[in-house]
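Full structure from sequences and hints, please.
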Amino acid sequence: MRPLDIRKYKQEIREKGRARRSEIAPEQKKYLDGKIADNVRRLRQYSPAKTILIYVSTAIEIDTKKIIENAWADGKRVAVPRCIPDTRNMEFHYIESFEDLKPGTFGVLEPAETLEMVENFDGCLMIVPAIQFDLQGYRLGYGKGYYDRYMSRFTGVSAGLCYIEELRRHMYHGRFDKPVDIIVTDKCIRTCKK
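In terms of our numbering, the sequence shown is residues 286 to 479.
Nothing false has been slipped in among the hints.
Below, a list of computed lysine-lysine pairs in the BS3-like style, where the Cα atoms sit at most 25 Å apart:
#	residue 1	residue 2
1	K295	K429
2	K472	K320
3	K350	K361
4	K350	K320
5	K472	K314
6	K361	K335
7	K472	K315
8	K314	K295
9	K463	K301
10	K335	K351
11	K387	K315
12	K301	K315
13	K429	K293
14	K320	K351
15	K478	K463
16	K350	K315
17	K429	K301
18	K351	K314
19	K387	K350
20	K350	K314
21	K301	K472
22	K320	K301
23	K351	K315
24	K315	K361
25	K463	K295
26	K350	K429
Derived from the structure by calculation, the hints contain no laboratory data.
Here's what the structure looks like:
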């Protein structure tokens with residue numbers, strides 16, 4: 286039996302996942318994204334969290350705008366990632382409004398480098414993007430490794446977002462892949478065993 290080519294395996298799943306997401310009708314996507322945002326707010330780890338580390342979604346991702354607005358309404362600080370040029374690393378900076386964002390790496394909205402950076406993970410809940418997750422919390426991201434690198438030193442609670450149809454029983458993963466603690470879908474919340 287030939288060994289698994291993990292890169293090819295991930296790329297095939299990634300392409301199928303992107304295609305499936307692009308087929309979701311806008312009204313259906315808005316409904317599902319709203320359910321996920323509501324479930325994030327229901328997490329028992331959400332209420333005590335002082336800071337929400339969260340990505341600013343692109344069109345193909347689960348919309349995070351409502352989650353960010355909820356966090357501000359609930360008196361939490363919000364920090365979003367900025368990719369560090371010429372590296373595969375990122376850092377999170379606090380924002381107080383969507384006006385603090387401008388197009389950055391890959392055209393994704395990012396905070397200015399001059400905004401305060403998150404350096405202490407006490408009381409942080411990190412919301413992680415992916416195309417798919419498996420039941421153990423391993424994720425299939427977008428292939429650049431930014432989140433796996435960041436999660437290797439993150440000491441707070443991490444929660445991944447995906448639609449229920451994107452939750453798989455098992456996915457092969459690489460040795461540097463980091464699982465999330467919780468998966469939040471439009472139908473359920475799943476705590477992942479380590």
